[in-house]
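Going line by line, the protein sequences match chains A and B.
The first sequence stops at residue 191 when you use the working numbering, and every number in between is there.
The second sequence stops at residue 725 when you use the working numbering, and every number in between is there.
Hints are not guaranteed to be accurate.
Taking lysine-lysine pairs in the DSS-like style, the calculated list, with each CA pair at most 30 Å apart, reads [unchecked claim]: (1) A/Lys58 - B/Lys369; (2) B/Lys193 - A/Lys171; (3) B/Lys194 - A/Lys166; (4) B/Lys424 - B/Lys466; (5) B/Lys420 - B/Lys473; (6) B/Lys194 - A/Lys3; (7) B/Lys718 - B/Lys654; (8) B/Lys234 - B/Lys633; (9) A/Lys166 - B/Lys699; (10) B/Lys454 - A/Lys58.
Keep in mind the hints are simulated off the structure, nothing from the lab.
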Amino acid sequence: MMKNDIILSGVGGQGILSIAATIGLAAIANDLFLKQSEVHGMSQRGGDVQSHLRLSDKPVSSDLIPYGKADLIISVEPMESLRYLPWLSGNGWLVTNSNPFINIPDYPPLDEILKEIKKIKNHIIIDADEIAKQSGSARSGNMVILGAASPFIEMPYESLENAVIKLFGRKGDQIIEANLKALKAGREYSK
Amino acid sequence: MKKLLLLGDEAIAQAALDAGLSGMYAYPGTPSTEIMEFIQSSKDASDRNVHRQWSSNEKTAMEAALGMCYAGKRAMVAMKHVGLNVAADSFINSAITGVNGGLIIVSADDPSMHSSQNEQDSRFYGRFAFVPCFEPSNQQEAYNMVFDAFEVSEKYKLPVLLRITTRLAHSRASINQKATIPEKILSLPDDPMQFVLLPAIARKKFKVLLSLYESLRYENRISKYNNFKDGRKRELGIITCGIAYNYLLENLGESLNDFPVLKISAYPFPKDLIKDITGRCKEILILEEGAPVIEEAIRGILDEGIKVFGRLDGTVPRDGELNPAIVAKAIGLPVSYGQDVPSLVKMRPPSFCNGCGHIDMFNSLIEAVKPYGQGHVFSDIGCYTLAALPPYSAINSCVDMGASVTMAIGASDAGLFPSIAVIGDSTFTHSGMTGLLDAVVKNSLVTIIISDNSTTGMTGGQKSQATGRLEQICEGIGVSREHIKVIVPLRKNHTENVGILKEEFEYKGVSVIIASRECIQTAAKRKRSENSNE
Chain A
1 MMKNDIILSG VGGQGILSIA ATIGLAAIAN DLFLKQSEVH GMSQRGGDVQ
51 SHLRLSDKPV SSDLIPYGKA DLIISVEPME SLRYLPWLSG NGWLVTNSNP
101 FINIPDYPPL DEILKEIKKI KNHIIIDADE IAKQSGSARS GNMVILGAAS
151 PFIEMPYESL ENAVIKLFGR KGDQIIEANL KALKAGREYS K
Chain B
192 MKKLLLLGDE AIAQAALDAG LSGMYAYPGT PSTEIMEFIQ SSKDASDRNV
242 HRQWSSNEKT AMEAALGMCY AGKRAMVAMK HVGLNVAADS FINSAITGVN
292 GGLIIVSADD PSMHSSQNEQ DSRFYGRFAF VPCFEPSNQQ EAYNMVFDAF
342 EVSEKYKLPV LLRITTRLAH SRASINQKAT IPEKILSLPD DPMQFVLLPA
392 IARKKFKVLL SLYESLRYEN RISKYNNFKD GRKRELGIIT CGIAYNYLLE
442 NLGESLNDFP VLKISAYPFP KDLIKDITGR CKEILILEEG APVIEEAIRG
492 ILDEGIKVFG RLDGTVPRDG ELNPAIVAKA IGLPVSYGQD VPSLVKMRPP
542 SFCNGCGHID MFNSLIEAVK PYGQGHVFSD IGCYTLAALP PYSAINSCVD
592 MGASVTMAIG ASDAGLFPSI AVIGDSTFTH SGMTGLLDAV VKNSLVTIII
642 SDNSTTGMTG GQKSQATGRL EQICEGIGVS REHIKVIVPL RKNHTENVGI
692 LKEEFEYKGV SVIIASRECI QTAAKRKRSE NSNE
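So here's chain A without its partners, still in its complex pose (with noise of 0.2 Å):
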């Protein structure tokens, strides 16, 4: 039985809807049953936002994945990443960027957040503004992590690839091609 049970972080309006759109229609094409839930409203201005996404081969019962079975955390921010550890399982895996977003004065030291992920069995910590820039597009950044975290995603690379191209098609070939290329360099840095 294939069961993926992923949790999105992020901070509201840092886009971390972008990643699970993706993830989403590669499950569609994929054939595989969804529940993806989101949070809207009040915490998106600044706050803490989460994503539940529960992809599997048989029907998806509950919208919030449980405690302790999540199989992967994607964190566009790395004290984020954190905020969900009770969700992550003893084999699950930590994909975060390594870029903090401070919006709060009591934000902790940086190198003390980043040695609390190394603690984690698995983890990829990754430096996603930068290759995102290096990819010609510094906005997408969310790709980046995308791309990192997609060989712990059980589906094909290819049909990521795909949900890329229908999700940034109505933006042009440029904004397509630049988003193809911070997936795949993502996807290298993982590998």
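We have chain A; now place chain B onto it with these hints.
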């Protein structure tokens, strides 16, 4: 049959369109907003010219929807749970008038108050009004229920309540789409007095409503959503309502079959099925997303019948939404857990966006009100409520839509001076205008600050009815022209704005200060779409 990947809200919107909807009415409110937004962005709705404009508030939305169904067409009205309080007058009475075309009222509850002031359960309203109520457990069921709800509505000439909660509203799943039903044609009610609730007529119609409510229990389109499945264990029977069923299934998987389980997703609740399950089990566990509606009914006042576990005895927490862990614990299964959150992780509460106009308005207000001390500022529902948090700590109330204006009036009546209200533009046209009229009529000593960002910001930037109309509205209500001040909340205007605020605080009458600067999110969105249209 087409497969679509939709939020619960979107599934309801798509279903309504597919079921021949002619009019969608709503006021934005989390977690219901995406229903109207989906219809507004639907090509189908635009081709058919389905009505899809926002209303000033939930009451005007409800009444307009009732008007559309008076004319024989199918209408839907959507709101968050507290919006149903605003619409309650017309909602309750619509059960007595009944409908002509089908009418569905979607009320999106927010247990755990992710974006709300309370966690009231709309199922109480269904019972209160004596109308059928559907409570989907998943997105496909939500989609299917809309078709049945319209049929039930037209068959019994009753409005139908569709109650959803945050997790369903904002969770995406794939939906099998059904064939489209054409819209209804314009047709007036057979009885020209149907909608005239004179006491003599209302008394008769209420008796009819009461008897109808009982007969709804035998309606197939309702009862098919309530399923009893027997199991070999006789010790414990489980009753679930709405999405609680998903958490049970998540925990039990295949072994769900061992337990007698009654899944309830439509009301009035199925007496016969409840009799079935309570008759064959020693004990009953009740899992409800929201208030213990079924649990209270089964326990009764005396609670002397079958042994019941649920929210009232602490098996399930009395408040807050359910999750897989709560349900695991309630059925006696071990709760899995990852690792603790490291202690260095800090809270990250929502906050104003960088460059938000509310920030500059509050900075000026804080300075202007300082000489009077703490406790003079009443506020309202919107992004600006975030000023309750540090570093601003600038407001002293947030109760319900419009309450800033009227609470300021009452406090002023009691002798508080100055008495100040801070309200957003959309909240003002939702429910602040009538309060302002009260203030004008009795010349209350209040200063009303309308923090006008020209949008309904907190819910994601929907069109505000107030945009471009605030000065005229205030003048029309009777605020004197000299005391309607328009300011631009920018750092460079700070000193000037503080001066204007101070002056108006001291004015012995009603003054309105309109602090006007477009929401930076809306402005950015507008610029993006203008650029892409070039």
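Verification of the hints:
For the suggested pair A/Lys58 and B/Lys369, the alpha carbons sit about 22 Å apart, so the restraint of at most 30 Å is met. Proposed proximity of B/Lys193 and A/Lys171 is supported: the alpha carbons are some 25 Å apart, at most 30 Å. Between B/Lys194 and A/Lys166, the direct Cα distance comes to roughly 16 Å. Compliance with the 30 Å bound is thereby established for this hinted pair. The hinted pair formed by B/Lys424 and B/Lys466 meets the criterion: a straight-line CA distance of about 17 Å does not exceed 30 Å.
Restraint check for B/Lys420 and B/Lys473: satisfied, since their Cα atoms lie roughly 16 Å apart, inside the 30 Å limit. Proposed proximity of B/Lys194 and A/Lys3 is supported: the alpha carbons are some 21 Å apart, at most 30 Å. Between the alpha carbons of B/Lys718 and B/Lys654 the distance comes to roughly 15 Å, so the proposed pair stays at or under 30 Å and holds. With a C-alpha separation of about 49 Å, the suggested pairing of B/Lys234 with B/Lys633 is violated against the 30 Å cut-off.
For the hint pairing A/Lys166 with B/Lys699, the CA-to-CA distance comes to about 61 Å; that exceeds 30 Å, so the pair is violated. Between the alpha carbons of B/Lys454 and A/Lys58 the distance comes to roughly 21 Å, so the proposed pair stays at or under 30 Å and holds.
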